[in-house]
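Trainee: Read off the chains here:
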Amino acid sequence: MKYSLSILFVVVIFAATATAKVDLVTLPSRDTVQLTIYNSADLTLVRESRALTLKEGTNSLQFSWENTLIDPTSLEMLPKADADKIEIAELTYPPRVRNLGLWNIDSGVSGKVPVEITYLTSGLGWRAFYMGTLSEDEETMRLQGYVRVTNNSGEDYENAQTRLIVGRVHILDEIAELARRQYPYGRPGEIVPRAEGVERAGLARAKVVAERMVSDLAATPKEIRKEGLSEYFLYTIEGTETIPTGWSKRLISFDVDEVPVVNLYKYEEHRYGSSVVRFLSFKNDQKHKLGDTPIPGGQLRVYRTVEDSGHLSYVGQSGFKYIPVGEDVELNIGPVADVVVEPRLMEFRTENYRFDNDGDISGWDEVRAFEVEVKNTREIPVKIEIRRDFDTSYWTLQKSGDYGEFEKVDAQTVKFVLGLKTRSTKKFGYVLRTYHGVRQEDWTKASR
Amino acid sequence: MRSKLIILSAILVLLASVGIASARIKLVALPERAATVIRLDNPTATLIEEERVLTLQKGLNKVDFSWKGVLIDVDSIRLRVLDHPDNVTLLSVSYPPNEAALVWQISSDSDYAETVRISYLLSNIDRLVTYKAIADKAESKVDLKSYLVLRNFSGEDFERARVLLDYGEAFEQGIDHEETKQLLFLSAGEVPITKVWTFDAAKLPWDPERLENRNVGIPVSYRIVNDPDSELGKYALWGGKARLFQDDGHGSTIFLGEDVTALVPVGEKMELYIGDSRDIVVTQRKMKDARINIRKNDDGKIVLYDTDEEITAKIENFKDSAAVLTMIQHIPWQWDMAECNLEYTKKNADTLEFEITLPARTESGPAVKELKMHYNRRNVKP
Numbered sequence: 001m002k003y004s005l006s007i008l009f010v011v012v013i014f015a016a017t018a019t020a021k022v023d024l025v026t027l028p029s030r031d032t033v034q035l036t037i038y039n040s041a042d043l044t045l046v047r048e049s050r051a052l053t054l055k056e057g058t059n060s061l062q063f064s065w066e067n068t069l070i071d072p073t074s075l076e077m078l079p080k081a082d083a084d085k086i087e088i089a090e091l092t093y094p095p096r097v098r099n100l101g102l103w104n105i106d107s108g109v110s111g112k113v114p115v116e117i118t119y120l121t122s123g124l125g126w127r128a129f130y131m132g133t134l135s136e137d138e139e140t141m142r143l144q145g146y147v148r149v150t151n152n153s154g155e156d157y158e159n160a161q162t163r164l165i166v167g168r169v170h171i172l173d174e175i176a177e178l179a180r181r182q183y184p185y186g187r188p189g190e191i192v193p194r195a196e197g198v199e200r201a202g203l204a205r206a207k208v209v210a211e212r213m214v215s216d217l218a219a220t221p222k223e224i225r226k227e228g229l230s231e232y233f234l235y236t237i238e239g240t241e242t243i244p245t246g247w248s249k250r251l252i253s254f255d256v257d258e259v260p261v262v263n264l265y266k267y268e269e270h271r272y273g274s275s276v277v278r279f280l281s282f283k284n285d286q287k288h289k290l291g292d293t294p295i296p297g298g299q300l301r302v303y304r305t306v307e308d309s310g311h312l313s314y315v316g317q318s319g320f321k322y323i324p325v326g327e328d329v330e331l332n333i334g335p336v337a338d339v340v341v342e343p344r345l346m347e348f349r350t351e352n353y354r355f356d357n358d359g360d361i362s363g364w365d366e367v368r369a370f371e372v373e374v375k376n377t378r379e380i381p382v383k384i385e386i387r388r389d390f391d392t393s394y395w396t397l398q399k400s401g402d403y404g405e406f407e408k409v410d411a412q413t414v415k416f417v418l419g420l421k422t423r424s425t426k427k428f429g430y431v432l433r434t435y436h437g438v439r440q441e442d443w444t445k446a447s448r
Numbered sequence: 001m002r003s004k005l006i007i008l009s010a011i012l013v014l015l016a017s018v019g020i021a022s023a024r025i026k027l028v029a030l031p032e033r034a035a036t037v038i039r040l041d042n043p044t045a046t047l048i049e050e051e052r053v054l055t056l057q058k059g060l061n062k063v064d065f066s067w068k069g070v071l072i073d074v075d076s077i078r079l080r081v082l083d084h085p086d087n088v089t090l091l092s093v094s095y096p097p098n099e100a101a102l103v104w105q106i107s108s109d110s111d112y113a114e115t116v117r118i119s120y121l122l123s124n125i126d127r128l129v130t131y132k133a134i135a136d137k138a139e140s141k142v143d144l145k146s147y148l149v150l151r152n153f154s155g156e157d158f159e160r161a162r163v164l165l166d167y168g169e170a171f172e173q174g175i176d177h178e179e180t181k182q183l184l185f186l187s188a189g190e191v192p193i194t195k196v197w198t199f200d201a202a203k204l205p206w207d208p209e210r211l212e213n214r215n216v217g218i219p220v221s222y223r224i225v226n227d228p229d230s231e232l233g234k235y236a237l238w239g240g241k242a243r244l245f246q247d248d249g250h251g252s253t254i255f256l257g258e259d260v261t262a263l264v265p266v267g268e269k270m271e272l273y274i275g276d277s278r279d280i281v282v283t284q285r286k287m288k289d290a291r292i293n294i295r296k297n298d299d300g301k302i303v304l305y306d307t308d309e310e311i312t313a314k315i316e317n318f319k320d321s322a323a324v325l326t327m328i329q330h331i332p333w334q335w336d337m338a339e340c341n342l343e344y345t346k347k348n349a350d351t352l353e354f355e356i357t358l359p360a361r362t363e364s365g366p367a368v369k370e371l372k373m374h375y376n377r378r379n380v381k382p
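Here the protein sequences line up with chains A and B, keeping their order. Per the working numbering: the first sequence ends with 448, consecutive numbering throughout. Per the working numbering: the second sequence ends with 382, consecutive numbering throughout.
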């Protein structure tokens with residue numbers, strides 16, 4: 001095991017002559033360690049407690065971090081007892097020595113003092129991912145959420161209380177870059193390159209390392225306690241974890257069976273072309289057996305139970321964005337062929353021409369009659385949402401047939417929502433009139 | 001001390017200045033450096049003041065000041081006579097060719113051990129300021145600490161110097177070449193903060209539905225006022241990097257985010273952007289955009305028109321706590337508001353600011369508010 005963080009307690013005894021200096025060094029071990037790992041950036045807050053033996057007067061404490069990815073500017077030490085008698089006012093980064101800091105401590109007490117050392121490091125990360133298993137009728141889904149914690153920090157954190165932060169944190173510099181600097185705060189006049197796209201870098205960072213479950217001998221999987229803090233969610237993993245450097249670990253975050261889901265299909269030429277795209281839709285709320293906390297973004301793989309013996313069929317996968325409590329979730333699981341939407345242009349004509357003083361065309365209408373056929377070839381009922389974008393805000397629409405719910409989305413877009421039973425077809429039509437040139441003025445007058 | 005600054009209080013016997021500059025013969029005494037001041041009140045340059053005792057003889061004296069391995073602004077070098085200013089006079093300063101040096105010609109009316117103060121601007125020594133703030137769980141106040149970071153890469157070791165900032169007490173500090181020191185210099189226990197969420201329609205996407213699997217984060221900031229009510233307000237707060245943490249209620253903290261602040265004069269606000277909220281969702285859409293009052297020239301060509309526009313913005317708070325969202329909308333050029341269901345302040349000709357109070361979400365779902373803005377832009381030229 002590589003233990004690269006060391007703390008040296010240096011009692012400096014000055015002999016009669018100023019030059020004869022004797023250093024007495026002790027190595028207090030880490031008593032506890034807590035990791036708070038972020039996933040929107042390559043960032044972990046480490047908090048460790050150690051017990052120092054101080055003497056009354058001035059004490060020097062040396063902290064070094066060779067081969068780690070610690071940001072030296074983030075180092076802080078606080079006494080956890082006799083705080084009013086112990087002053088830690090100065091941290092020196094000595095010249096011509098790398099990865100070393102010296103704390104000067106004025107102590108009014110002598111003896112053991114518990115201290116807490118905090119710093120930011122990079123190289124640890126986590127991500128969320130999900131497994132969804134649809135029931136045979138596809139009306140409910142078992143949703144299992146996992147987190148995978150990876151340690152590439154260069155440091156083995158043993159028996160660490162592990163906490164994960166869900167949320168998007170604003171940082172200026174990449175911690176890994178700060179850790180690599182020759183001088184913690186750089187040199188005067190040095191232009192420090194500002195990390196761009198730090199948040200994205202965090203996602204791309206985590207290289208996959210050999211996955212192995214380091215099994216604890218517990219009979220049940222560990223629970224993850226979740227709570228909101230500021231704009232973040234804090235996941236605290238029960239007990240402690242040991243994730244040696246280079247390893248990663250998968251933990252279960254939640255497991256909910258029978259989440260009611262809606263099989264939603266969408267047709268929108270501007271976004272998806274002529275394919276129908278399948279979505280699984282539910283809500284992050286109590287009715288759907290969820291809603292305790294937001295669901296962090298990740299990949300979801302969807303399976304479907306195919307027979308009694310529990311065999312599975314793979315349906316598809318979907319990227320999952322962060323879902324606040326109470327929000328609707330729509331999981332895009334890709335284009336399908338078993339639900340078909342076919343809009344057909346049945347008629348096109350132009351009319352109501354206007355001419356200017358030179359006899360040139362100054363305005364006209366375009367009239368398009370569409371027929372839309374919607375087919376559900378599946379064995380289950382489905383919901384279909386069809387969006388039509390007109391590329392202009394000067395339009396009128398006449399509808400006919402079974403067009404279900406109809407809604408204006410914005411100035412240029414409308415939405416039709418239809419429910420289709422098992423193996424059924426619906427047809428509806430609409431006549432779209434768009435206004436061009438000076439005819440737009442007539443449209444405006446009529447609509448006011 | 002590895003001093004590279006050499007001062008030669010020279011009873012200059014001879015200057016073999018026969019046109020060859022390098023051939024200067026000097027008989028010298030090396031006066032010890034006495035009190036040294038490092039003055040860091042100017043953020044762009046560091047002034048060093050050092051006192052030395054020169055042995056002056058009656059008559060003309062030449063004093064040679066040279067340096068090696070450090071970067072001194074030659075024109076900034078000044079000499080001030082402290083003990084006998086009326087009797088000791090600096091006559092001239094000359095610069096020997098191809099040397100980092102200068103020679104002072106000093107006239108003295110008697111023999112003196114004269115204390116002088118030499119000041120100059122020295123490069124590659126400066127200071128930074130950083131902040132660390134820990135917010136309470138309710139995010140109503142922070143424990144604010146500020147650190148002074150001294151960086152010395154000047155080439156010169158300062159064994160002991162008085163360090164002066166633009167405020168506060170001077171302090172004694174030694175700092176070697178290539179050394180960095182971080183010193184705590186401000187600590188305020190209970191600084192009130194205001195948490196601010198801001199949606200600027202010119203900066204953020206309008207319709208989150210159209211972003212495939214991406215959340216729109218609403219920027220969240222903390223606002224701190226540099227005034228006595230905030231335990232501050234004694235002096236301007238220097239610009240620097242600020243890291244914010246929050247008490248997690250379990251004896252530990254979480255890191256909230258970091259930002260850089262500019263200098264904050266007394267009475268002014270510091271605003272620190274910490275991260276993005278994804279629990280407040282804004283869906284903004286243009287529901288109407290038409291030309292009205294169209295005016296044409298004799299050829300029937302449009303020369304001027306007004307517009308009739310409608311914008312709706314649905315604001316949903318999915319948080320379990322209330323929040324006040326600052327919403328910024330922009331309407332360019334000349335315009336009239338026909339109808340607006342929420343109150344706003346006009347920040348300038350084309351910027352409107354709404355303060356929208358959002359209650360916490362309930363069991364039935366998010367707290368929802370809707371802004372409806374119906375306006376006409378006037379006298380638009382095509």
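One or more of the hints may lead you astray.
[Stated by the list, open to error] On the chain B side, residues computed to face chain A include the following (Cβ under 8 Å):
#1 A35
#2 D126
#3 T180
#4 V220
#5 I274
#6 S277
#7 T283
#8 K288
#9 R295
#10 N297
#11 Y344
In short, the hints are calculated from the structure, not lab data. Since the structure is predicted, the reported quantities are computational estimates derived from the model, not experimental observations. Just so it is clear, CB atoms sit at the ideal spot from N, CA and C, and this is done for glycine as well.
Trainee: All the hints need checking, so say for each whether the structure fits it.
Mentor: We went through each hint and held it up to the structure:
no.: 1; hint: A35; result: violated (21 Å)
no.: 2; hint: D126; result: holds (4 Å)
no.: 3; hint: T180; result: holds (4 Å)
no.: 4; hint: V220; result: holds (5 Å)
no.: 5; hint: I274; result: holds (6 Å)
no.: 6; hint: S277; result: holds (4 Å)
no.: 7; hint: T283; result: violated (10 Å)
no.: 8; hint: K288; result: holds (6 Å)
no.: 9; hint: R295; result: violated (11 Å)
no.: 10; hint: N297; result: violated (10 Å)
no.: 11; hint: Y344; result: violated (22 Å)
Consistency note: the structure conflicts with the earlier hints numbered 1, 7, 9, 10, 11.
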